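Student: Take the sequence shown: its letters are residues 2 to 80, numbered as in the working numbering.
By construction, these hints were calculated from the structure, which means they are not laboratory data.
Keep in mind that a hint or two might mislead.
Think about it this way: if two alpha-carbon atoms lie no more than 30 Å apart in a straight line, the pair counts; the simulated DSS-like pairs of lysine-lysine are [claimed, not checked]:
1) Lys-32 <-> Lys-22
2) Lys-69 <-> Lys-21
3) Lys-32 <-> Lys-58
4) Lys-67 <-> Lys-32
5) Lys-22 <-> Lys-69
6) Lys-69 <-> Lys-32
7) Lys-53 <-> Lys-67
8) Lys-22 <-> Lys-58
9) Lys-58 <-> Lys-69
10) Lys-22 <-> Lys-53
11) Lys-58 <-> Lys-21
12) Lys-69 <-> Lys-53
Quick caveat: nothing in here was measured; it's all calculated off a predicted structure.
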Amino acid sequence: MNPIDRISRRINTLIQLPEKKDVILITDLRKEYRQDLRNFIVGETLGVRDGKMVIGKNLYRRWLHKIKTRGFDFDVKFI
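Using the sequences provided together with the hints, build the complete structure.
Tutor: Listed below in structure tokens is the structure:
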């Protein structure tokens, strides 16, 4: 598979996540994105379900907006 196609699919998966899932867990994301999301949600109010951190859809969408406008805060290895 072409590396550009792979990157596009992975980003598209991030965008579609809130539409497909009822709740978003940090483990729903690929490992390469987790550090950026953790950095973004510092100080935010989060919930817990079954002992796992739940990220609100509005907070998640704000993170997606940040990615679209400013990019990732950490190096992301797509390949």
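Student: Hint by hint, which ones does this structure get wrong, listed from lowest number up?
Tutor: Violated hints: none at all, because every hint is consistent with the structure.
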